[in-house]
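Engineer: When you get a sec, could you build the whole thing from the sequences and use the hints?
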Amino acid sequence: MADTATPVRAPSVARPPTPDTSARGFGGRVRSRVSTLTLGSGLGLGAAMIWFSLLVLLPLAAVVATAAAGGWKAYLSVLTDSQTLAAITLTVGQAGLVTLVNVVMGTVIAWVLVRDRFWGRAVLNVIIDVPFALPTVVAGLVLLTLYGPTSPMGLDFAFTRMAVWLALAFVTLPFVVRAVQPVLEELDTDVEEAAASLGASPATIIGRIILPALAPAITTGAALSFARAISEYGSLVLLSGNRPFQTEVVSVRVLAFIENGNNAGAATVASAMLAVALVVIIALDLLQRMVARRG
Amino acid sequence: MSIEVSGVTKRFGEFVALDDVNLSIPTGELTALLGPSGGGKSTLLRIIAGLESADRGTIMIEGADATRVPARHRNVGFVFQHYAVFKHMTVARNVAFGLQIRAKPAVPFSTTWREDRARINHRVEELLDLVHLSQFAQRLPSQLSGGQRQRMALARALAVEPKVLLLDEPFGALDAKVRKELRDWLRRLHDEVHVTTVFVTHDQEEALEVADRIVVINDGRIEQIGSPDQLYDEPANDFVMGFLGEVTELGGVRLRPHDIDVAVSPGVHGSVPGVISRVLRVGFEVRVTVVPDPVIGAAPAPEVNVVMSRAHQRSLGLAEGAKVWLSPAPEAARARLAAVR
Amino acid sequence: MVRTSAPVRWLLRVLAIGYLLFLVALPLMMLFGDTFADGLSTLGSILSDPDVISGFRLTIIVALWAVVINLFFGVTISILLVRYEFPGKRALSALVDLPLSVSPVVVGLALVLVYNGRTGWFGPFLEDHGLQVIFNSPGMIMATTFVALPLVIREVVPTLTEIGEDQEQAARSLGAGPLQTLWRITLPSIKWAVVYGVVLSLARSVGEFGAVKVVSGNVTGSTQTATLVVESKYEGFAQPEAYGVAFLLVMVSIACLIVVAVVRPRENEPRRNKR
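Those protein sequences? They're chains A, B and C, same order as listed.
Following the numbering used here, the residues of the first sequence are numbered contiguously, the last one being 1456.
Following the numbering used here, the residues of the second sequence are numbered contiguously, the last one being 843.
Following the numbering used here, the residues of the third sequence are numbered contiguously, the last one being 304.
Don't take each hint at face value.
[To be verified] Okay, the calculated beta carbon distance ranges per label pair:
id: 1; chain 1: A; residue 1: V1440; chain 2: C; residue 2: G68; range: 43 to 53 Å
id: 2; chain 1: B; residue 1: D693; chain 2: A; residue 2: R1282; range: 57 to 67 Å
id: 3; chain 1: A; residue 1: R1282; chain 2: B; residue 2: E711; range: 50 to 60 Å
id: 4; chain 1: A; residue 1: R1282; chain 2: C; residue 2: S74; range: 54 to 64 Å
id: 5; chain 1: A; residue 1: A1364; chain 2: B; residue 2: S555; range: 33 to 43 Å
id: 6; chain 1: C; residue 1: V37; chain 2: A; residue 2: A1376; range: 17 to 27 Å
id: 7; chain 1: A; residue 1: P1310; chain 2: C; residue 2: M58; range: 15 to 25 Å
What the hints contain is simulated information worked out from the structure, not anything from laboratory work.
Ideal Cβ positions, reconstructed from N, Cα and C, are used throughout, including at glycine.
Structural biologist: Below is the structure:
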């Protein structure tokens, strides 16, 4: 039998009974830092890691290794080659522009989808996903029908920078919308009502309550759409004409290196693109952790 | 003894959830693990079930060492606070789950297979009857209320005829009325089934009402073990006394508000004089707040809360501003002695 | 809830609808118009074109392999990420998203650098043992698997996190072993998320272009998938055929979108009940 006597303590005030969530939390959620793998799950992890390495990690490492093989000087000379530099400037510039438009339009579209009620809203909701589902090369072709040489509106943007912008805007359309939409749906309308009851105007509520709450989601969407725009290839092939110094984006430049048998040059540009992708991913990971901590 | 916990210690990082806990739980009894949030009682229950492992110490279940036995081989029924129903299965299939897992693999439509199925179906019917859910057998859990889901979870745990039944805050997620109903029902069910049962609760009323024995746990340690009466009348220390009911202070002694005798004249030796500052009627009882008269040269004594029946208050004619003399009731002595120790 | 005034509401509505109309809806309709400009003859002619047939056949083979592989490893990795602790977990969790932001051309290049038969890290070894990866279907399957890799994981991880561990622990306490728990409890409860992820992967796999273009060698009639056929037809001045093949691919995408629209409410059901 257990000993019931315990040493006297300072008189403690009776604690009111509260739902015992934290105790459950200690049992169920917080785990120690060490591995909790069992034999079966360990084998699963091993198999998954081998697969992941063969498919993703080693090939990407090969890109970096090939880029580094020529040394720092060769690396810089490829990147600062005038044609490559033009492609980088164009891509970053257009990607930035498209991201900016997405931040505004994506938020507006998400707002309309969540807060507005009108006939055909459901159709709009499906249209948002079309760019995700459509093959990129088909996306380019689809845009050509309206903005190409045979445009019924007389808008021939084919082989211009406007075409690059159009293609990037098309393929990155869903990112901000789909990031903002769920957050806006979950947003507590109580807070808005509280602000209104305190005398805030709709503009103040949007500016000081809603937009700050949406900011992490908008940032996430913007980062994803920037990363996607930087790396886009398929939708540009037919639309932009890939004219050096004019409409040639980075991906096309990499492909040109590959087709000329210059794998080292291709790897050099590719490694720079990988670095951008990695920065975006790490930034998003940090952002998500920050938001999670804020609760 | 059905469950023997010896020397169990468990840490989560820096936090000590259980500190060298020793506990024996007798066969066939309904035992409550009572204590405040984060005190370690849920962790202890999960360690007994094998859902968590202890850093040190051993668990014996019915005489066999279960410390290293995985949860699925302990034959322990576990009921979760948030039901943990299998959402994609009907009520009947939820209850049948443990039985199907235990059934020996058989060729479909063979004789053994048919016999097994018939046996399982029969047992499921029996159990759904026991928890009054027979008419819901073919529903999905999402179509049940919280109380019904928890009864289903209980039937599911009982289906495999566990050696012990463990319930982790089983009524914690239910509203007050359903809680009370299920509490009575659990008591009656236990009288019927007689399986050794341990349940975790932070609600002292629940523990006092349902349990045969109560184990008070706080800060990872056991404060006291005893019957509900023992704990209430003879608390081992201040913590237990405070946790099991209201406490007030009179003349440097802590005791229960209903264990104070009130007189309108200075009769008993050593009684404390004071003035009534407030009379509050709550249903059939009356709560009287008394400010003790200041004693020269001593720090002012705290207000004393006294609880009495309405009839008693009327007969004494107590009202705000009246002068009274307070003394501990004779039957409160033990609690008081324990508290001053 | 903020009530915007009528003019503002109409302005936002027109802005949103107009943007989507001119960016997505109108061009799509134009494509349908161009495809059927000569009635059904365009569709008829491409369906008898051997290059188109072989392109679609290759697309189906490559996409199915990629989806099956991603289904298996996607579910495995999701369960590991949500249910277990191990060193390097955070890195793995971030890395599985990487394929989403890597350019398809870079994916193709990366695979070529490791698996090409002449100078690749593993290519010559594999070719000596009779397995040509680059300019062959294994390479195309790998490229497609790479780009579609995160889709199943991104759907399954949140669902697994949301349903919590309670049901699995209940199963264990009722005597179920790890495999029984996986098969009877975990997998059924993530079923719809898996279906959703598979459909997204399928759409992505069918549509993959850049990565496949790099690793396939783009040989008409043998290593050309449907998307590559669109490009080569268009650039070969067979634009009606290009529109026709594009139309068929759009139909596949729309079918995927419809399945997603049907699956999504089901998947959300338990969440709504919970609230």
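Engineer: Are the hints correct? Go through all of them and say.
Structural biologist: Here's how the hints hold up against the structure:
1. A:V1440 with C:G68: 43 to 53 Å: Given a distance of about 52 Å, which is inside 43 to 53 Å, the answer is holds.
2. B:D693 with A:R1282: 57 to 67 Å: Hint holds: Cβ distance 59 Å, inside 57 to 67 Å.
3. A:R1282 with B:E711: 50 to 60 Å: 54 Å, holds
4. A:R1282 with C:S74: 54 to 64 Å: Taking Cβ atoms as reference, R1282 (chain A) and S74 (chain C) lie about 39 Å apart, which means the hint is violated.
5. A:A1364 with B:S555: 33 to 43 Å: Between A1364 (chain A) and S555 (chain B), where Cβ atoms are some 57 Å apart, the hint is violated.
6. C:V37 with A:A1376: 17 to 27 Å: Holds, since V37 (chain C) and A1376 (chain A) (Cβ atoms, about 21 Å apart) stay within the stated range.
7. A:P1310 with C:M58: 15 to 25 Å: 18 Å, holds
The structure is inconsistent with the numbered hints 4, 5, although it conforms to all the rest.
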